[in-house]
Structures are given as C-alpha cells and as structure tokens.
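Engineer: These are the residues of each chain, in order.
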Amino acid sequence: MGSENPKIVAFCCEESGMPAYEHALSLGLELPEGLRVIAIPCGGKAETGYIMKALDEGADAVMVFACYEGNCKYVRGNIRAEKRVNYLKGRLEKLGLSPEKIVFCPVAPANGVRFAELLQQEIEVLRKGT
Amino acid sequence: MSVGQSVLRIPVEPPEIQEITIAPEVAVVGDHPVCVAMADALSTMGLAVTLIHPYESLEGLMDPLRVLVEVDESVAEKYASLTKDLTRPSIKVVGRATVEGIEGQWGDFRLSVLKDASRMEVKASGIAMAFQGISKLPDAYDGMDVIGLSQFFSQLDIHKGCYGQKSESIRKIAFVLDVEQRDEKWASATAFTLGRYLKENFGTEVYILCQDVKVSLDGMEKGYRRAREAGILVFKYEDLPVVEGTAGSWTIRFRDSSAVSKESPWEIALEGLDVVVVQERLRPSENQRNLLTQLRISSEGGFVGPNNPQFLGRTSKKGVVVGGDTWYPEYPTEGWMTAQAAAEELYQWVGKGSYQIDVHRVAEVDPSKCATCLTCYRICPHDSIRIERYGMRNVYITTGAREGGTWEAARVKVATCDGCGLCASECPAKAIQLIYYPDVEVLEFLEKNV
Amino acid sequence: MIIAEQKPIEEILEMLAPHKKILLAGCGACVTVCQAGGEKEVGVLASQIRMARKEAGNPIEIVEMTLTRQCEPEFMEEAKDAMKDVEAVLSIACGIGVQLMAQTFYDKPAYPGLNTTFLGLPEEHGVFTERCAACGNCVLHLTGGICPIARCSKSLLNGPCGGSQNGKCEISQDVDCAWQLIYDRLKAIGKLENLTEIIPPKKWITSRDGGPRKIVREDLRI
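Residue numbers (the working numbering), protein chains in the order written: chain C, 1 to 130; chain R, 131 to 580; chain D, 581 to 802.
It is worth saying that the hints were derived from the structure and are not from the lab. One thing to keep in mind: the hints can contain errors.
[Said to hold, decoys possible] Label-pair ranges, simulated between beta-carbon atoms:
#1 R:Q148 - C:E4: 45 to 55 Å
#2 C:N5 - R:E571: 19 to 29 Å
#3 D:F698 - R:E571: 55 to 65 Å
#4 R:Q148 - C:N5: 38 to 48 Å
#5 D:I769 - C:Y68: 11 to 21 Å
#6 R:T228 - D:T776: 40 to 50 Å
#7 C:E4 - D:E635: 48 to 58 Å
#8 R:G225 - D:L722: 45 to 55 Å
[Unchecked claim] Partial pick of chain C residues on the chain D-facing surface, computed with a CB cut under 7 Å:
#9 H23
#10 G49
#11 M52
[As the list claims (entries may be wrong)] For lysine-lysine, the following DSSO-like pairs were computed, each having C-alpha atoms within a straight-line distance of at most 30 Å:
#12 C:K73 - R:K482
#13 C:K89 - D:K587
#14 R:K302 - R:K266
#15 C:K128 - R:K578
#16 D:K600 - C:K83
#17 D:K748 - D:K767
#18 R:K290 - R:K329
#19 R:K214 - R:K290
#20 D:K601 - D:K587
#21 D:K587 - C:K94
#22 C:K94 - D:K600
Virtual Cβ for every residue (Gly too), placed ideally from N, Cα, C.
Hey, can you work out the whole structure from these sequences and the hints?
Structural biologist: Structure (structure tokens):
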C-alpha cells in the first residue's frame, strides 16, 4: 500500500450498511479519502466475483457492511456474506496476500460512529501490515 | 465527501407495475388455542376465514387454556369470550381435520386437508398457522413419576385445588423450572400464577425452584410480587435438584444460591410434597415440522420466532404467518399479542384486494446459462424459485428456452421475489441477474473508480 | 455427477509461470454444479491469478470464457477464436475437458486447474460425497442400492470387516460403514437374506484394471 490514501471499497447493504454510512456523513465524521462505497440490497449480494474484482483493480481493502446476526431482513444474507469473506481470506492467504484485506463488518443502521471507526481500524491494520 | 471518494447507489428507476388481484380469503390451521384468536381477528378485519383444526369442537381447541382462564384475569380478559363469538358467517370452521400438504404461493395456496378420513382441498390467499408443542420431561427426571407443567393443567381441578384422583386439595407443591431450557418465560409465568392461586384459595404450600426469575412479560412483575406476598417461597439453584420418593411424599434436595446466601449456599430439603411439577421442554410437533418443511419456512430448532424476533408472527414466506408454539412457546397473554400481530401482518398481505408488484425489482434467470444445479432454489430465503420441468431436464443440456418451447430451467416467481440478490450471487453459472441492478453496474464502477 | 475441486493455487501459478497470456476456460456442466469451474469461478480465479502475478512483478493477461461443456467436440468451436491469441489454456473443467482441449488445440499446452476427484452427489448443499466407482459391473441390486466398491473403504464385497464400530468405518468417525448402511437398507426392504449369499470375487477387468475402457454402439454410429 504505497499511497497515503488507501483505496477501500465498502459494500454496504441497504438495511444497515448504507444507513450507517449516511449517518456518519450527517454527523460530519471524517471518512477516509480513498473510500468507495457500493450500495447493495443485502450483504448477501456482495459476490465473491465483486470482492475479487475490487482487489484485482487495485483496492487495498474490501469491507462488507451488513446486518448483525439474526437481523437480516432476508434471513440469511449476512451469514452468506460472512462465509464468503472467510472463504476468500483463506484463498488470499494461499496467494501470499494478507487476509486482512477483506473484512466482514456487522453494523447497526444508526451507528455512523462505528462505521467510521471500522474504516479507521482497517486503515491501521493495513498500515501495520506494510 | 472529498475528491478521492465515490459512491455507487442502487439505481432508482420508475417501477414496472403489474397488478395482481388477491382474494381476501385465508386459512387458519393448527391445534393451538390462539388459532381461535387469529380467526377472530382476521374475520373482524373483513377477511373470509376457514379455520381448520383437529378437535370435535372449538371448545376442544380452547381446552388447554381452561385452567388459566379461571386463574388469571389477564388471560380471561383476552380469551374467555372467544368460543362463544366465533359463529360469524365469515368464519367457516372445519373440525376433525388436519392439513397434510400445502402448495402454491401468496395469493394462491392450495391446502390438502384430511377430514374424517376423506380428503378435501381448501384454497386460500394467505395462511396463519399455530400448533402446540409436544412436551417432553427433562432427561434428568425421565422415568420418575414427576409431572410436566402442561400435563399438570389437564388434571388439575381448580375449584377444589386437587390433582388427579385425589379429593383433597394439594397441601404441598413444588415447581422445578429451567431444568433444560432457561429462556422460556411461559413456564415461570404459569408456575407463579398457578402457585399463587393455590396458596390464596386452598392454603397450599408452594415452592418454586428456578435458575432465574423471569418476569419480563405483561403483568408478571405484579404477578410475581403478589405471589411472594401470598407466601410462595422462591429458591434459586445451580446444580440440578435431586428428586426422591413417590407421589404424595416427594423430597427435593438442592443448594439454594439466591442473593441472601450466595457465598455459602444453603442445603435445602423440601419434604412431604404431594406433587412435583417440572418444566418440560416443548418440541415442535410432527404437524408443525411437516408444514414448515413443505413451505420451506426457515426456523430455529423447529420454531419460527427466534429467527425473526423483530416482526411478531412474520415468516420468511410471503402470505404465511405463525403463532402459538409454532412461533415460540409463550404464556397465553404474550401468545395472544403475537396472534394479533400475525393477523395484522396477514391482513396486509391479503386484505387489500389488489396488489402492485414491481416486476423490475426482482431477479431473473437466463435459462440458456442455467445448469439447474439447485443452488438458487436452496438459497432463496423466500422460497421464490422453482425449477420448471426439471424432471425432464438433463443437466447436460444447457440451452434453455427455445422458440415456442418451455422454460426448462430455474425460474424466479416474480410475485414473491424480494429482490435481495442472494440467488444472483450464489449462482455458479452467473445465470441470474437482478433486473434493476445487474453485475455490469458494479463491475464498471470498480473499473472506473478503483 | 463428476465432482472436482480447485488445485492449490501454488500449483496453478507454477504451471502458468512461463506464460504471459492465457485462456481461462470454464465449463457449464458438472463443475458448475459442484461450484469448482463455472462462470462464477472463472471470474474469481482469474482475478486471483492476475493479482498474484501483479504482486510478483510478472503480470499475466487472462482471457475468460465458459464453454457450454468441454466434453463435446462441437463445443470446442466456442474457444477457437480465443485460442488463436493465447499461449496456453488453463481449463477448469474436469480431466475430460482438459484432455479434449489439449487434443483439439494440439499445438498449445492445456493445463488442469482442477483435481477431478470422484463421482458423487451433494449430501447437502456444499457437501459432496463419493457414490460410484465406475467399476463397470454394478452390484447395487445385491446390496440394497448402496455401493460397496465406492462407499466401503476396503471395497469389500462381503462386509463388514472388524473395523465397523457403531455404524462408522475405522478410518474415521466421519465415514459411515457402507456395510452397516447395506444391512439397514436390506432390512428396510425385506431382503436381508441377500447377505447369506456370498458375492464372488469381483472381475476387475471391467474396471480401470482392464485398461482404458470404450463402448461402441454400432446402432448409434452415423
């Protein structure tokens, strides 16, 4: 990660991730320069193909923001997302890349503060890794 | 938002509306007393109701509440009038009947019903189900002659305060709660309510042993206080209480760890108990399992509630709601509220006459790529995908819809699709796209903006 | 169906080391169903390889495509144009597909991206187990529909052996004893007496042991 502004692609579900992002904006919280937000109807729509493409295109990290366990409006979308992230972490490791590049982040819709915190945490993790 | 940041929002396009007409008729199915409450609520809202239950009469259906209706005024207030009022023309009652199979979807359910050894079909636009759980004594007390809480009701004469064949009222009774299941509030509420009733009316000595006191339901805080004031003794145990003896002369030994004696728990023996009532575990009944499986409704341990705690009565399947133990074992006052919520939810699905479906906000399968691997069928949380003519489809033939031919692949049912995109992301052949948000939107954004 | 799983990525990268432009070819049949080589996996694997090569300072260009299936000569046409411009093909079809690609595009290397493992089915979604050993001489009618060749670790024809404990095979608690399953099934269909008949030693000549197999149907030949 050579640049000051790591490129972070955040997939945000319509029910929690996007509201948390909007909340963070409305609170005037500072969000990372290199943030790219992609809205999806459910965490379960964060496809393995999308995540790998994002990394392939040069993203330093991909974060999936979805609902807490038991809260998914579509019953199991958040669980699918978490399983995919864990699976892809394994594949990244075998490639010799850091599994920290992909993270699954459950978040509540009215928690813009946590949204911003999680982004910051990931940036710290990436910095330590390089 | 500064220069480096960018956002891709879900495309908002004018909806493409298809109108469907839904007939305002529902089926209420089950063997739980709240079926009556649900049927009542639904018909009050203006729907035509078919109530399908396995008993001789509605009295049979309400029987499990017979005791609590007399003993607890908050239960009486909700349930006492129900059987008498349920003779409206808009409610058709089908007794001595069980539902063996359900097919179809919201707006078009077909129930195959076995009544008096002959089969009939009932059509409904929506379904409300409520079954009773099957009781099983905790393994620790299996083989002993202790009584399960739900059995206790059926043999309790509340006018004389006596149990079973006895003619004298119970002198000493102990309720042992929380043995295998600590989350069920119905047992606590029942024990405290019944215990207080016996104490106040018959002078019965009542002991309640539990791991924690659960009073977070309507009226139970007061109920608990009344019980304590009436003189019921409440103990907390950590290790399983040992029950010895026989009916009429039970002894329970345990260590009480309630606040007073936490550091040095007291060794307690309760002797000369006439009756020991144990909280049993309620398991989903065969009927419940069968119908939930057929409808492919997600549940946890066979109960729908834990999966979806925010929306009482709602299931993952459009047009189907549940109550009673099918939702989760509840005390009748809570169960009544769940039943009302379920009825309201069902009314939203069925009562408006015509519904507008945005056929744009759904997923679509490309039959020429579909390998009929069943992944989408299995993963869809709303059971909204069918494999059409899959029996005649060989997985090795991947060309699908031909001119004038048939679909021959997975197909999304537009009316019940919620547009969540799980199918599209799980499909190993990339044969499914969300019409309103295809892959290309995301992939192009990534190419341009990362 | 044929069940396969992706080779370890290190092996794949080693195969591709000398190349700068390849075709990554998926297959729309069995490997799609067992989630190892369909169009979705083509996209994910391609990204993975590109990233690994970029990281190593040796970028690679990957043309992505999924054929209808890679076991029919006619479908090889689908890859004809793409193969003209690449140095090699990494096929994530089963072993059959890799070989047909190698045979069709004779002058270019064809690499296997998968290990074709067994013939089987999903016990549940995402869990695949072996069911058939393609031995060429099926005895399922004698064993209540459970294959002793594929499902018994020792391929016993007259089991069980002494290692059968509580319905499990001695090699692992996760493996059912096939002969326990056979016993239970024969009991359920009222054919336990089958077990009193000794199944004679298998003629393995119909299996792999007899050499590469071939079936000729004169009635079908054009």
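Engineer: Taking the hints in turn, state whether each one holds.
Structural biologist: How the hints compare with the structure:
| no. | hint | result |
| --- | --- | --- |
| 1 | R:Q148 - C:E4: 45 to 55 Å | holds, 51 Å |
| 2 | C:N5 - R:E571: 19 to 29 Å | holds, 24 Å |
| 3 | D:F698 - R:E571: 55 to 65 Å | violated, 39 Å |
| 4 | R:Q148 - C:N5: 38 to 48 Å | holds, 46 Å |
| 5 | D:I769 - C:Y68: 11 to 21 Å | violated, 49 Å |
| 6 | R:T228 - D:T776: 40 to 50 Å | holds, 43 Å |
| 7 | C:E4 - D:E635: 48 to 58 Å | violated, 21 Å |
| 8 | R:G225 - D:L722: 45 to 55 Å | holds, 51 Å |
| 9 | H23 | violated, 32 Å |
| 10 | G49 | holds, 4 Å |
| 11 | M52 | holds, 4 Å |
| 12 | C:K73 - R:K482 | holds, 23 Å |
| 13 | C:K89 - D:K587 | holds, 17 Å |
| 14 | R:K302 - R:K266 | holds, 24 Å |
| 15 | C:K128 - R:K578 | holds, 28 Å |
| 16 | D:K600 - C:K83 | violated, 33 Å |
| 17 | D:K748 - D:K767 | holds, 18 Å |
| 18 | R:K290 - R:K329 | holds, 12 Å |
| 19 | R:K214 - R:K290 | holds, 26 Å |
| 20 | D:K601 - D:K587 | holds, 20 Å |
| 21 | D:K587 - C:K94 | holds, 11 Å |
| 22 | C:K94 - D:K600 | holds, 22 Å |
Violated hints for the displayed structure, listed by number in ascending order: 3, 5, 7, 9, 16.
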